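Going left to right, the sequence shown walks through residues 1 to 87 as our numbering numbers them.
Calculated from the structure, these hints are not laboratory results.
The reader is advised that the hints may include incorrect statements.
To be verified - Quick list of the computed label-pair ranges, beta carbon to beta carbon: (1) 15 <-> 65: 14 to 24 Å; (2) 18 <-> 72: 33 to 43 Å; (3) 17 <-> 73: 33 to 43 Å; (4) 30 <-> 82: 15 to 25 Å; (5) 73 <-> 19: 26 to 36 Å; (6) 75 <-> 10: 18 to 28 Å.
Predicted, not measured: the structure shown is a model, and the values here were computed from it.
Yeah, the Cβ is synthetic: ideal placement off N, Cα and C, and Gly gets one too.
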Amino acid sequence: LVAAPLTHLEAGDVDYDGKKINLVGAVKLSHQFGAITCDKAVLLLPENEGEAKTLSPQRILLYGNVYVQLKDGSTITSEEADIHCPT
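Full structure from sequences and hints, please.
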(Lines of atoms letter the chains of each structure in order from A; the text may use other names.)
(Lines give C-alpha, C1' and ligand atoms only; values in the text may rest on other atoms or scores of the structure.)
Protein backbone atom coordinates (compact mmCIF):
# COMPACT_ATOMS: atom_id res chain seq x y z
CA LEU A 1 0.00 0.00 0.00
CA VAL A 2 1.14 3.53 -0.70
CA ALA A 3 0.57 6.14 1.96
CA ALA A 4 -1.34 9.20 0.84
CA PRO A 5 0.55 12.48 0.84
CA LEU A 6 -0.02 15.25 3.33
CA THR A 7 -1.82 18.21 1.81
CA HIS A 8 -0.91 20.81 4.45
CA LEU A 9 1.94 21.10 6.94
CA GLU A 10 2.31 23.99 9.41
CA ALA A 11 4.35 24.54 12.60
CA GLY A 12 6.28 27.17 14.53
CA ASP A 13 9.56 25.36 13.82
CA VAL A 14 10.29 22.81 11.08
CA ASP A 15 13.44 20.73 10.74
CA TYR A 16 13.98 18.35 7.78
CA ASP A 17 16.99 16.04 7.54
CA GLY A 18 16.03 13.97 4.49
CA LYS A 19 14.68 11.06 6.55
CA LYS A 20 12.25 12.77 8.87
CA ILE A 21 10.53 16.08 9.46
CA ASN A 22 10.35 17.44 13.01
CA LEU A 23 7.58 19.95 13.65
CA VAL A 24 7.30 21.87 16.92
CA GLY A 25 4.82 24.50 18.07
CA ALA A 26 1.19 24.81 16.98
CA VAL A 27 1.48 21.88 14.56
CA LYS A 28 -1.28 21.51 11.95
CA LEU A 29 -1.40 18.67 9.43
CA SER A 30 -3.97 17.74 6.79
CA HIS A 31 -4.02 14.10 5.72
CA GLN A 32 -6.41 11.93 3.70
CA PHE A 33 -8.22 10.86 6.87
CA GLY A 34 -8.64 14.35 8.37
CA ALA A 35 -7.04 17.27 10.18
CA ILE A 36 -4.51 16.93 13.00
CA THR A 37 -3.27 19.44 15.56
CA CYS A 38 -0.70 18.87 18.31
CA ASP A 39 2.31 20.43 20.06
CA LYS A 40 4.97 18.32 18.31
CA ALA A 41 5.04 15.87 15.40
CA VAL A 42 7.69 13.70 13.77
CA LEU A 43 7.04 12.52 10.21
CA LEU A 44 9.11 9.45 9.35
CA LEU A 45 9.55 9.38 5.59
CA PRO A 46 10.07 6.26 3.46
CA GLU A 47 13.58 5.41 2.33
CA ASN A 48 12.46 5.61 -1.32
CA GLU A 49 13.42 9.18 -2.22
CA GLY A 50 10.60 9.56 -4.77
CA GLU A 51 7.93 8.88 -2.15
CA ALA A 52 9.57 11.24 0.35
CA LYS A 53 9.28 14.10 -2.13
CA THR A 54 5.49 13.72 -2.14
CA LEU A 55 5.34 14.04 1.67
CA SER A 56 3.91 10.56 2.11
CA PRO A 57 5.19 9.58 5.55
CA GLN A 58 5.43 5.98 6.69
CA ARG A 59 4.61 6.97 10.26
CA ILE A 60 3.42 10.11 12.00
CA LEU A 61 4.33 10.44 15.67
CA LEU A 62 2.25 13.02 17.56
CA TYR A 63 2.94 14.49 21.00
CA GLY A 64 1.10 16.87 23.33
CA ASN A 65 -2.54 17.94 23.03
CA VAL A 66 -3.19 15.66 20.06
CA TYR A 67 -6.51 16.36 18.35
CA VAL A 68 -7.61 14.49 15.23
CA GLN A 69 -10.76 15.53 13.34
CA LEU A 70 -11.68 12.64 11.04
CA LYS A 71 -13.46 13.26 7.73
CA ASP A 72 -16.58 11.49 9.03
CA GLY A 73 -16.88 14.14 11.78
CA SER A 74 -15.62 12.04 14.69
CA THR A 75 -12.70 13.20 16.83
CA ILE A 76 -9.82 11.61 18.69
CA THR A 77 -7.91 13.31 21.50
CA SER A 78 -4.84 12.08 23.38
CA GLU A 79 -1.43 13.12 24.65
CA GLU A 80 0.43 10.86 22.20
CA ALA A 81 -0.38 9.03 18.98
CA ASP A 82 1.47 6.84 16.49
CA ILE A 83 -0.09 6.63 13.04
CA HIS A 84 1.18 3.94 10.68
CA CYS A 85 0.16 5.50 7.36
CA PRO A 86 0.23 2.51 4.98
CA THR A 87 -2.35 0.68 7.10
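**OP:** Just pull the numbers of the violated hints for me, sorted ascending.
**Re:** none
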